[in-house]
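Chains S and V are the protein sequences, given in the same order.
If you're matching positions, the first sequence starts at 5 in this note's numbering and goes up one per residue.
If you're matching positions, the second sequence starts at 2 in this note's numbering and goes up one per residue.
Hints in this document: simulated from the structure, not taken from any laboratory.
This structure is a prediction, so every number in the text was calculated from the model and none was measured.
By construction, the Cβ of each residue, glycine as well, lies at the ideal position given by its N, Cα and C atoms.
Some hints could be false.
What the hints assert, rightly or not - Restraint ranges, calculated between C-beta atoms of paired labels, are given here: (1) S:Arg23 <-> V:Pro227: 50 to 56 Å; (2) S:Ser113 <-> V:Ile37: 43 to 49 Å; (3) V:Asp202 <-> S:Glu20: 50 to 56 Å; (4) S:Tyr56 <-> V:Glu257: 57 to 63 Å; (5) S:Tyr95 <-> V:Glu380: 39 to 45 Å; (6) S:Thr169 <-> V:Glu257: 31 to 37 Å; (7) V:Asp29 <-> S:Lys10: 40 to 46 Å.
As the list claims (entries may be wrong) - Mimicking BS3-like on lysine-lysine, the simulated pairs with C-alpha atoms at most 25 Å apart in a straight line are: (8) V:Lys169 <-> V:Lys199; (9) S:Lys149 <-> S:Lys119; (10) S:Lys131 <-> S:Lys92; (11) V:Lys169 <-> V:Lys14; (12) S:Lys45 <-> V:Lys309; (13) V:Lys295 <-> S:Lys10; (14) V:Lys332 <-> V:Lys344; (15) S:Lys49 <-> S:Lys10; (16) S:Lys10 <-> V:Lys294; (17) S:Lys131 <-> S:Lys78; (18) V:Lys265 <-> V:Lys171; (19) V:Lys14 <-> V:Lys171; (20) S:Lys151 <-> S:Lys101; (21) S:Lys10 <-> V:Lys309; (22) S:Lys51 <-> S:Lys92; (23) V:Lys294 <-> S:Lys151; (24) V:Lys171 <-> V:Lys200; (25) S:Lys151 <-> V:Lys295.
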Amino acid sequence: MGVNSKEIEVLQIIEENGRVSLNTLAKMVELSEEQVEGILKKLEKEKVILSYSAVIDWSKVYDQENVTAMIDVKVTPQRGVGFDDIAKRIYRFPEVKALYLMSGAYDLSVVIEGKSMSQIARFVSDKLSTLDSVISTTTHFQLKKYKHDGVVFEDGEEDRRIVVTP
Amino acid sequence: MVQSTKVNRRLSKSVQSIQPSGIRRFFDLASTMDNIISLGVGEPDFVTPWNVREAAFSSLERGFTAYTANAGLLELREEISKYMSQQFALPYSPDSEVLVTVGASEAIDLAIRALVDPGDEVIVVEPTFVSYAPIVSLAGGVPVSVGTKKEDEFKVTPAQLEAAITPKTKLVMICFPNNPTGAVMTKEELELISHVIKKHDLLVLSDEIYAELSYETSHYSIARLPDMRDRTVVISGFSKAFAMTGWRLGFTLAPEDITAAMLKIHQYTMMCASTPAQYGALEALQNGLADVKKMVQSYNQRRNFIVKSYAEIGLPCHTPGGAFYAFPSIKNTGYDSGEFAEKLLLEERVAVVPGDVFGEGGEGHIRCSYATSMENLEESVRRIGRFLEKHTR
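Bound-form chain S, shown alone (with noise of 0.2 Å):
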């Protein structure tokens, strides 16, 4: 669809920051509060704008970590649709945080969120491997997060510059 540069822009600030309020968005593009409210809502109902959520750390919250593993999934693809059928089948699942049909070595990528390591070896051994056009999975377990959707986990890098500058 046609996004016009104020647009885009307003889509690149709040990728960056989803929390920023309409009243400084409207002043950061010399818009009135009611332009980027229609800006908003039309990219919402275009589906330009999917959701707005935020990157969280759970590793620092006390009993919430999960478990997240990345499943490479060889797949045979149907007659007609394709893998579309198989993808759809599969990220229906709760479990499933992301799917991306891939080139190269497997056909489907899978990233699976779960409380623990065996719940996830018993939704690959339960659920996926048993679907039908499955051939065969990888499971890789992630170890440490370090940078998610572009943001830096504990990078460190605060401001150190002195208070008062020429």
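Fit chain V to the supplied structure of chain S, relying on the hints for placement.
Showing chain V alone in chain S's frame:
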């Protein structure tokens, strides 16, 4: 800080003739306090883009740890020449008209020392960067201040210039986009002052370090005007546009004779700029312009926010056309700029720089740098708003 009025026989008269920077005084006060929101910083809040930092590491790994040519790596001068020519229509020969310096500050010092004899008068268009007048004094020159006015959007007029010129005038120092006012001068406005400059056969030092940070119009250098190239030293560097303040890397563009003269001083004092910094700068020019564009867009958004927000809280502020400073008037509080800044710091913990430290025309204003996070800017507006409610008369 106590200023001794007694003449110290150990120290040179020229160094005793100059005052320590007013910014320094304010820094000493601010640095004793915690939890300050600082709008007092004259440098980008971005860390130097990663590829530039990486290029400097890599130059060290490869063992590039020796001196470079006095004028700077030829490769870097060639890139500077290409960049200035493409970006600002300023073509200069990398062999004889480009000089790489230790920050734009050294470049200013070199230009003044190369051009000014003791007793020569140098017109300093103010409010402006704090170093110009002291550098002139240290070279034995006589700084003559021309204070621009808010009514003229802090641009110097031909009449103001004409009035300040005497038979001893040698040079005019300008800085656009300006620190601290954010003012920019258009081609037409520069043209008018260029007539005066040519009529009196003066030289120009044009500090264009903020050229990339021009928002409404693209930057136009006075050196582009007819017969001005030969009488102008253009000063620029990597600090502001490429977020490389700590690297201390600047450069000059000037006619061959002036470049050769500056090079002489440079080779006896600095020898050459730091080698890893020069390799970083090379990467910045070759692959960093997309980062510059992103940073400029971000400054522009913050500028828009600040100008609108200041209007809402009753802090009258002209729209800065460049750099990353707002220079609002605080006259309706009745305080002078030093008192205002100090009270604001103590009561609301917001650090701004009093306008009077930037010279004539700066009194009655404060410099607020918007090179800080949006969260800081939003909070600072709340705090300054609260402060004004208490103190506006």
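Taking only the CA atoms, is the gap from Lys51 (chain S) to Lys92 (chain S) under or equal to 25 Å?
Given that 25 Å is the threshold and the Cα spacing comes to 19 Å, the pair holds.
State, for the Cβ atoms of Ser113 (chain S) and Ile37 (chain V), whether the hinted interval 43 to 49 Å holds or is violated.
Since the Cβ atoms of Ser113 (chain S) and Ile37 (chain V) sit about 47 Å apart, the hinted range of 43 to 49 Å holds.
Restraint status (C-alpha distance of Lys171 (chain V) to Lys200 (chain V) at most 25 Å):
Since the Cα atoms of Lys171 (chain V) and Lys200 (chain V) sit roughly 12 Å apart, the hinted pair holds (cutoff 25 Å).
Would you check the hint for Lys131 (chain S) and Lys78 (chain S), treating anything up to 25 Å between C-alpha atoms as holding?
Since the Cα atoms of Lys131 (chain S) and Lys78 (chain S) sit roughly 15 Å apart, the hinted pair holds (cutoff 25 Å).
When you check the alpha-carbon spacing of Lys151 (chain S) and Lys295 (chain V), does it fall within 25 Å?
With a Cα-Cα distance of about 20 Å, the restraint between Lys151 (chain S) and Lys295 (chain V) holds, given a limit of 25 Å.
Hint consistency between Lys45 (chain S) and Lys309 (chain V) [alpha-carbon to alpha-carbon, up to 25 Å]:
24 Å, holds
For a C-alpha distance cap of 25 Å, please report whether Lys169 (chain V) and Lys199 (chain V) respect it.
Roughly 15 Å between the alpha carbons, so the hint for Lys169 (chain V) and Lys199 (chain V) holds.
Taking only the CA atoms, is the gap from Lys151 (chain S) to Lys101 (chain S) under or equal to 25 Å?
17 Å, holds
Could you say whether the range 57 to 63 Å given as a hint is met by the Cβ separation of Tyr56 (chain S) and Glu257 (chain V)?
58 Å, holds
Return holds or violated for the Cβ distance of Asp29 (chain V) and Lys10 (chain S) against the range 40 to 46 Å.
Roughly 44 Å apart at Cβ, these two residues keep to the hinted range, so it holds.
Using the C-beta atoms of Tyr95 (chain S) and Glu380 (chain V), is the stated range 39 to 45 Å upheld?
Because 41 Å falls inside the window, the suggested range holds.
Is it true that the CA of Lys169 (chain V) sits at most 25 Å from the CA of Lys14 (chain V)?
It holds: about 22 Å lies between the C-alpha atoms, which stays within 25 Å.
Hint compliance for this structure: no hint is broken.
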